[in-house]
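Enquirer: Hints given; two lone chains; assemble the complex.
Protein chains in written order, with the working numbering: chain A, 1 to 310; chain B, 1 to 321.
Treat the hints as calculated values from the structure; they're not laboratory data.
A few of these clues could be false.
Listed next, the stretches of chain B that the computed footprint assigns to chain A, with coverage defined by at least 3 CB atoms under 8 angstroms from CB atoms of chain A [unchecked claim]:
hint: 1; region: 36–48
hint: 2; region: 144–150
hint: 3; region: 255–263
Fair warning: this is a prediction, and the values are worked out from it, not measured in the lab.
For glycine and all other residues, C-beta sits at the position ideal for the given N, C-alpha and C.
Next come the chains, spelled out residue by residue.
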Amino acid sequence: MSVIAASPSVLRPRFRISRFFLHGFLISMVLVWLFPLFWAVYSSLRPISDTIQNGYLSWPSGGLSFVNYQNFWTQADLPYYYLNTLVIAVPAVVLTLLLASMVAFACTQFSWRFNLTTLMVFTAGNLLPPQVIIVPLFRIYLNTPLPMLGSIDIGRFSFPLLTDNTLLYDQYLGVMLIHVVFQTGFATFVLSNYMKTISKEITESAIVDGAHVLRIWWNIVLPLCRPALAAMATLLFTFIYNDFFWALLLMKTGDRRPITSALNNLQGEFFVNNNMIAAGAMLVAIPPILVYIFLQKQFIAGLTLGSTKG
Amino acid sequence: MARTTSVTPAREDSPEAGELVATRQGRFHVLTRYDQRVLMLMVGIPLLLDVVFIWWPTLSSILLSFTNYNGVGEVTASNFIGLKNYQFLFSGYTLFWPAFLHNVIWLAWLALIATPLGILFAVLLDREMRGVGFYQSVFFLPVVLSLVIVGFIWELQFSPTEGFINNALGLVKSGNIIDWLGNPRINLYSVLIAVTWRHVGYIMVIYLAGLKSVDPTLREAAKVDGANEIQTFFRIVFPVMAPINVVVVVITAIEALRAFDIAFIINQGKNGLELLSILITNNSISEASLVGFGSAIAVILLLISLGPIVIFLSRVMRTSS
Numbered sequence: 001m002s003v004i005a006a007s008p009s010v011l012r013p014r015f016r017i018s019r020f021f022l023h024g025f026l027i028s029m030v031l032v033w034l035f036p037l038f039w040a041v042y043s044s045l046r047p048i049s050d051t052i053q054n055g056y057l058s059w060p061s062g063g064l065s066f067v068n069y070q071n072f073w074t075q076a077d078l079p080y081y082y083l084n085t086l087v088i089a090v091p092a093v094v095l096t097l098l099l100a101s102m103v104a105f106a107c108t109q110f111s112w113r114f115n116l117t118t119l120m121v122f123t124a125g126n127l128l129p130p131q132v133i134i135v136p137l138f139r140i141y142l143n144t145p146l147p148m149l150g151s152i153d154i155g156r157f158s159f160p161l162l163t164d165n166t167l168l169y170d171q172y173l174g175v176m177l178i179h180v181v182f183q184t185g186f187a188t189f190v191l192s193n194y195m196k197t198i199s200k201e202i203t204e205s206a207i208v209d210g211a212h213v214l215r216i217w218w219n220i221v222l223p224l225c226r227p228a229l230a231a232m233a234t235l236l237f238t239f240i241y242n243d244f245f246w247a248l249l250l251m252k253t254g255d256r257r258p259i260t261s262a263l264n265n266l267q268g269e270f271f272v273n274n275n276m277i278a279a280g281a282m283l284v285a286i287p288p289i290l291v292y293i294f295l296q297k298q299f300i301a302g303l304t305l306g307s308t309k310g
Numbered sequence: 001m002a003r004t005t006s007v008t009p010a011r012e013d014s015p016e017a018g019e020l021v022a023t024r025q026g027r028f029h030v031l032t033r034y035d036q037r038v039l040m041l042m043v044g045i046p047l048l049l050d051v052v053f054i055w056w057p058t059l060s061s062i063l064l065s066f067t068n069y070n071g072v073g074e075v076t077a078s079n080f081i082g083l084k085n086y087q088f089l090f091s092g093y094t095l096f097w098p099a100f101l102h103n104v105i106w107l108a109w110l111a112l113i114a115t116p117l118g119i120l121f122a123v124l125l126d127r128e129m130r131g132v133g134f135y136q137s138v139f140f141l142p143v144v145l146s147l148v149i150v151g152f153i154w155e156l157q158f159s160p161t162e163g164f165i166n167n168a169l170g171l172v173k174s175g176n177i178i179d180w181l182g183n184p185r186i187n188l189y190s191v192l193i194a195v196t197w198r199h200v201g202y203i204m205v206i207y208l209a210g211l212k213s214v215d216p217t218l219r220e221a222a223k224v225d226g227a228n229e230i231q232t233f234f235r236i237v238f239p240v241m242a243p244i245n246v247v248v249v250v251i252t253a254i255e256a257l258r259a260f261d262i263a264f265i266i267n268q269g270k271n272g273l274e275l276l277s278i279l280i281t282n283n284s285i286s287e288a289s290l291v292g293f294g295s296a297i298a299v300i301l302l303l304i305s306l307g308p309i310v311i312f313l314s315r316v317m318r319t320s321s
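Next up, chain B with everything else stripped away, as it sits in the complex (with noise of 0.2 angstroms):
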């Protein structure tokens, strides 16, 4: 016992584990000591590595953001420069807005274009069909890729003079040449349409294993009723997959703020790729290193990513309770 005591520093860290009570239920009474605090260990290590090495780090960005702090030395209390940060970030700085709205257009786009076409992929290969399990393999392929590889392969679509498209098109000849991944109008479409391959077939495979789950009595009686497929699919099975379409939803949400590896590969997130994690990034890790300045769109981030993280807890609270 008096070994165990030793380790113990990870349950005092974390409150939440050193509240191990078993009372409700009396059979857990036979819960000797050791076990208890076998129990308290096997949470509080993964707890303690969960909070130093996240939680902290998300305190401490909304800490920083009202700063000044470069990253040398310590922060002092004349660090703290209020809403500074804030005011510059949405009046001066003239990066936010634009990558804001790239991150906007992102998740537009996401929940739009590409998540109904997966969700729609998904209702068409619901069915005694054959080749079904060939569509269904060739829609889910890009997802297995890193977005990286997914910007390699399409920059070969679209890459000016030696792309696939331009010479399809004819403009190399005719040298109208369309930059799709450089003209700052199109480009983040242009990514989009990558983003998209990879998309649809996400959420095409969530969404088909929660149509399987679906209660085929209620699609029967649906059609004895003289519903039609779509009828069908818009008032009865939208409804009762209710618990699958908030998880399309939060994923969606959280791909279009987590964008950052494609825009990056294609052009390092500039001229027309700029967005809020990109921002970060360059802010306070690069040479610039505004610390300060970085945390406070990271926590601009946070806010925006708070909706489909509520969303989604709130959601696992219901079904658990």
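In isolation and in its complexed conformation, chain A is listed as follows (with noise of 0.2 angstroms):
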């Protein structure tokens, strides 16, 4: 901006020198962080005939191939456990974006008495360990008693729309129902801190023009929210995808899992060398990475959202 401030900078030698060492430590710093991903690529990649031969430690002797991924893919039946998560994110992370967006708009367009105090008590049951409240949770997942509406059958897994042990342990919707609850929290936060830069006189025109506020809500400010919406989506997608504790305590069948607690199950199973831990790996990072790849802006913004502001 300020032709003062920029130009002579660049010109002083000085400058030069120490931006040489930053890039040399920075790129020391780059080789450094790609280097485990390198390897669990290179290992996968490579049969494990050629490592046994060869050593780990050696080039590829008789090329590389997604032998690996193959065994892996079809040996663990792979694509249900994908289809576990699926069941479990998409749902979760619609219904968390629809409920915490009525919170933060009921308390951001309008002034009542506890709207702060409703927005701590959200704000603090996320940043709660998950740890300390699964005791009696365990108890109410084992105690509450649902409904069996029927299921929709895929080959040998089936997935219930409610629950087919008339429980909520063990079921898609327990999972899926615990993660809209946590995240709910997260979400209101970041959705409240958005909200309130939206001006509260959009909404009080809207109330003189008598609309309802179901209808200010979902036709005014939500269109409004987009950008944060779209950024909470892709983070809380990846948050759920990437969840372990939670589907490893509120589920038994191994089965029901998905993908990133899965996993842990097919460790012991499939997993008979380095090379096919690398494979099963990669094959479950592959989703997040493609979010880190198109859409790593939504990512980033959906983190920082929750602490620049407010």
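Expert: Okay, here's the thing in structure tokens:
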């Protein structure tokens, strides 16, 4: 912007030297950061016979192949576990955004006595370590009776609409629900920070014009929040995809577990060598890496919205 | 209207939502009763879920921690045993203090090594320079991965005979294998290296967003006054960044207290990788089903967590009022 500050500093020789060291440092750090991933990809692409023959620290003699991926993909019924993740994550993200945007809307667009307290209840709930609540939560999941409403069967996998054992425990619904509850706290915090920047006058004038609050929320405020909602959807999907703990705790049927949690079970059965481990880890890492490649901006926006505003 | 009253239990269970008053701004008198009820439901239903599935279990954990409940039947008065769970926890249970210490080391490592490194990366990348986007993307990459995958990726580095490190150091050939993840003296630090790989990018991204919002004229003024970059950061930028600093401290603390996945993946949190979160899970969910005792550990974890949570909330309060 200002000509005085920008131009002379570029010409100063001391500056050039420090920049040289800066790049040197950053490039060495980049190599350190990329190496574990490179090594995982490399291992995953090597047939185990080749590794055994030449040792782990060697160039491939027989070329690289996707054979480890193929084996793991087909032997471990992997597509089903991805489907498990989708069955949990998609409704969870949609519901979380609906609930959180309702709370954020009511607490930021209207002044009432306890709106700050409400926001704090949600925020604090999200910050608790999950293990603090698991003991009673486990009881709730074992003792809440639910009606059975049939299921959709795909191969040996069955997706109950609600539950197939009259409980929340060991059900897609149960895992989805706890994600919704936990993430609503986080999403409420972020969305309310975002909605605070929307002028209250928009809501006020809509009310004067006779619009109902539901309409204002859905037709006026939510469209204005589209960037924040897109960012949160990306972030929440990745969080839920990456969840290990809840599905491990709240499901006992291994076949029902979403992909990230299932990996732990599959470990004993299929990971007979390091190259297989690498292929398995890479297969599970692919969706988050796609998010990283195509939705990095949204992901970062989701992470930083909560911390920089408000 | 009659239809709406049938769905109001959500509101009655959540007294906060019942107090929808908009009197301070005169204009809000125009809210109809219907609109007011809708708003109460919009807050009440999510609040009810939050209370039932998070806050009620939190309170129950505290109550259960004073009992010897084993998960069978109802909790009765005869189950209450006072502070015995805590006495046993502090003096008899050999895993508690190691787990506590591991959480403390975890926190210290993140706070003194990983978080400062993330801040350093952010400061170094907060400038007009070739390749900034590339550097940032690389450091950020591990953040999208779960700690489970991070664990698997680093097992390929650390594993005793098949891992890269021991092979690269020639330890496999010479037979002096270091068991990075198995030796209880060092495995916590091996895991922390893997955790750092992910944590640094997370902190970097958050700090970088904060740095971008610092008024550039502050820096220019410092430059004109002859301050070098290090002085400018510590004397000008760092104090202005106070709100972000709080967020970073809170994130660091919460991450350390929540640690579970990676230790569980490596060896189920045994043999040097015990953590409070893992002790809670093992005691209360496994066959042993020591619900009361597990709850006592949960209460300890809760008490520690209240520190960062209160710090964070007081900051939210300050900026909102």
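Enquirer: Against each hint, give a clear statement of whether it holds in the structure.
Expert: Hint-by-hint comparison with the structure:
| no. | hint | in the structure |
| --- | --- | --- |
| 1 | 36–48 | holds (count 7) |
| 2 | 144–150 | holds (count 6) |
| 3 | 255–263 | holds (count 4) |
Figure legend: structure checked against the earlier numbered hints; every hint is met.
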